[in-house]
Every structure is written in structure tokens, then in C-alpha cells.
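Colleague: Sequence:
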Amino acid sequence: MTSAADTIPLGDTNLDALLHSPFSVAATGAQPGFGGTQTGFSHFGGTNGLLESLPHNMIHDDVGGLMSDPDTAALDPIFWLHHSNIDRLWEVWTHRDSTFTDPKASAWLKERFHLHDAKGKVVTFTPAQMRDTTKVRHGYRYDDISDPFAKAPAVLAVAARARVMAPSPQLVAASQPNIAVSGARTTAQVPFNQPARQSAMARFAVNRPVRAFLNIENVTGSGLYGSYEVYVNAPGQAGEPLHAGRLSTFGVRKASRADGPHGGGGITSVLDITSCVDQLHQRGWDGSRLDVSLVPDGPAAQKAASQPPLTIGRISVYYA
138 MTSAADTIPL
148 GDTNLDALLH
158 SPFSVAATGA
168 QPGFGGTQTG
178 FSHFGGTNGL
188 LESLPHNMIH
198 DDVGGLMSDP
208 DTAALDPIFW
218 LHHSNIDRLW
228 EVWTHRDSTF
238 TDPKASAWLK
248 ERFHLHDAKG
258 KVVTFTPAQM
268 RDTTKVRHGY
278 RYDDISDPFA
288 KAPAVLAVAA
298 RARVMAPSPQ
308 LVAASQPNIA
318 VSGARTTAQV
328 PFNQPARQSA
338 MARFAVNRPV
348 RAFLNIENVT
358 GSGLYGSYEV
368 YVNAPGQAGE
378 PLHAGRLSTF
388 GVRKASRADG
398 PHGGGGITSV
408 LDITSCVDQL
418 HQRGWDGSRL
428 DVSLVPDGPA
438 AQKAASQPPL
448 TIGRISVYYA
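In the numbering used here, the protein residues as written are 138 to 457.
Hints were generated in silico from the structure; no laboratory data involved.
Be aware that one or more of the hints could be misleading.
Pairs of lysine-lysine residues, derived as DSS-like cross-links and limited to a Cα-Cα distance of at most 30 Å, are as follows [what the hints assert, rightly or not]:
#	residue 1	residue 2
1	Lys241	Lys391
2	Lys256	Lys272
3	Lys272	Lys258
4	Lys391	Lys247
5	Lys256	Lys391
6	Lys241	Lys272
7	Lys247	Lys258
8	Lys247	Lys272
9	Lys391	Lys258
Pair by pair, the computed Cβ-Cβ distance ranges are [claimed, not checked]:
#	residue 1	residue 2	range
10	His253	Ala333	49 to 59 Å
11	Val273	Gly424	45 to 55 Å
12	Ala339	Ala265	43 to 53 Å
13	Ala291	Ala317	39 to 49 Å
14	Gln374	Ser305	28 to 38 Å
15	Asn222	Lys272	12 to 22 Å
16	Glu377	Asp423	10 to 20 Å
17	Glu377	Ala211	36 to 46 Å
18	Thr270	Arg300	19 to 29 Å
Think of the CB as a built atom: it goes at the ideal place given N, C-alpha and C, for glycine as much as any other residue.
Modelling step: build the complete structure from the supplied sequences, incorporating the hints.
Modeller: What follows is the structure, given as C-alpha cells:
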């Protein structure tokens, strides 16, 4: 096994993805769903789903080495343990809430996959055949698929409110295009369109808080970059920048290839920054602009100087 770090950051084992439904949503700029936005089949590219972003991609970045590249990850023995756990978490998700269900679309259920068995024979299967683990080949059950939030009623109450999403989230802020990520810190200015912001707040602030989502769009590059800490702040405002989350670049090289299913559009990550925006308002933020900073983390910081450029197509904010 190859490893770039001695320990896995506690935040990278976060299980909040299990709190959210539905499995998939239309590409909207807001919460992308447990499994991700609705697309045609692709191994990498587009907007990552919640489980894909965290913990799946982050663990790949943290382990590093062979695990940091989807073309070589399965050569590391820990890959199989990691993916067994991701499969187990999917089982946890489907069992912890009766409304959390897999897609029913025929295109999803009938997609055909081809693998080789232990004797080199090609084995073909579809997602429909994988939905019940007890009926997959010889069948299997996980020792523990209990709900990790069962004894946290406050967390469940907050998550239930957060699932009440607006039908059409609204773009309220956007940076200039093509942000080059380099050095110890890259900061982009994200100005708000005030008429759009005011319109969104008037539309959505009905019996519930307005939710804010930071979209780091169309991240492309031809190197292996690891992960980045993401911070937001208001220009000229006192106080430390607020931690908004982490950006994983796992799979970005593959997603940047022009001959890929998304035409080299890279990856997009969505971070819920509602609490950050609330804190900035409490500090006196006027709502005119956010400064968004990316700081390479661990192995990424060591690699940054030697890697080809990493580019962000745009950083945007949607209200919902």
C-alpha cells in the first residue's frame, strides 16, 4: 500500500451525506443529491454527489500514491476496503429512512457493466441486479448498517429542514472565469448581483431560512493535486475567514480529457455555505461580495509547485 499521510483527517470521514435525499437531482447549482445530478453514464466528470465528494473522493486524496489516480487506485489493496465501506454506507442510507430510495429510471436500472471474474471470464450485470446485496451472486450482508444519527435528534431535525429545497435555485453571484490555482493560497472575488440576490431572498425566505450553495465549477487540470481547504470571507471584514469545506480533485485529470463523456468539462463541487453566510451577516456583511480562498492541504501543498496548472472555470453562489 502507498500512503501520502499517516492519518486521515477526521473531517474526511464525515457521514452527513447520509442525511440527504433524493438520490439524484437535476443539475441546479444547489444540493446535488446523495448520488449526484442526473447525467448519462460517466465514470468521472460533472457535479459530484454528496457521498462521492465526502467521504469517497477525500479518502482517495488522503491515501495518495496509487489511490490518488482513478486509473491506478485499484492496484492499492486499501481500495477494496474503501469501496466496500462506500457500498456499506449506501446500504445504511437506504435503510435509515423509508423515503430514501434508489433511482427508478430505466436508463439507470438497465445500464450494462462488464467485469472479469477470477478466471478472466467477462461478467455482465446491471444496477437492477445489485440493489439487493443478498441476491448478488452468493449474497452478502454487512455486519452493521445501523443509523449513525439515530441518537442525534437535533441533527435529524436540522437535516429535515434542510431537505425542503426550492424547486429552482437562483444564481446570485459569480466570479470571473478561468481562475488559476497556484501557490499557498488562491483567492477569487465573487461579486453578488444585487437584484438577483434580493429577488432570491424574497422568493425563498418564506417560513424557512434561505440556503446558500458555493459552486466550484469545471475544475480542470492534467496533474494530481490532492485536496484543498475552502474558506470564505467578506472584503475588509474583521475576523478569520470561515471554513466552507474541502475540494477534492480526485479524478480531475480523467474528467479534463477532451475525449471524455463531458468533453473535458472537469469536475464541479457544491458546498453548503448557509452557516458561513449567516455568520458573515452577523459580522455586518453587506452582501456585496465574497472572497473565496483555496489552500492546498497536506500532499497537495507539497505537489503544488511541480504540478501543471489547475484551473477553476468559475466560482458561483446559488440561493435556494
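Colleague: Hint by hint, say whether it matches the structure.
Modeller: Verification of the supplied hints:
Restraint check for Lys241 and Lys391: the C-alpha separation of about 28 Å stays at or below 30 Å, so the hint holds. Of the supplied pair hints, the one linking Lys256 and Lys272 holds, its CA atoms being roughly 21 Å apart against a limit of 30 Å. For a cut-off of 30 Å, the pair hint linking Lys272 to Lys258 stands: about 20 Å separates their Cα positions. Restraint check for Lys391 and Lys247: satisfied, since their Cα atoms lie roughly 25 Å apart, inside the 30 Å limit.
With a CA separation close to 29 Å, the supplied pair Lys256 and Lys391 stays within the 30 Å bound. Note on Lys241 and Lys272: the hinted pairing holds, with a Cα-Cα distance of about 18 Å set against a maximum of 30 Å. Distance hint between Lys247 and Lys258 is fulfilled; the C-alpha atoms sit about 21 Å from each other, no more than 30 Å. With a C-alpha separation of about 17 Å, the suggested pairing of Lys247 with Lys272 holds against the 30 Å cut-off.
Between Lys391 and Lys258 the alpha-carbon distance is near 27 Å, which keeps this suggested pair within the 30 Å criterion. As the Cβ distance of His253 to Ala333 is approximately 51 Å, the hint placing it in 49 to 59 Å holds. Our hint of 45 to 55 Å for Val273 and Gly424 holds, since their Cβ atoms are close to 51 Å apart. Between Ala339 and Ala265 the beta carbon distance is about 44 Å. The supplied range of 43 to 53 Å therefore holds.
For the hinted restraint 39 to 49 Å between Ala291 and Ala317, the CB-CB distance of approximately 42 Å keeps it satisfied. At about 31 Å, the beta-carbon gap between Gln374 and Ser305 stays in the expected band of 28 to 38 Å. Checking the proposed 12 to 22 Å range against Asn222 and Lys272 shows it holds: the Cβ atoms sit about 21 Å from each other. Checking the proposed 10 to 20 Å range against Glu377 and Asp423 shows it holds: the Cβ atoms sit about 19 Å from each other.
Between Glu377 and Ala211 the beta carbon distance is about 40 Å. The supplied range of 36 to 46 Å therefore holds. With their beta carbons about 26 Å apart, Thr270 and Arg300 fall inside the hinted range of 19 to 29 Å.
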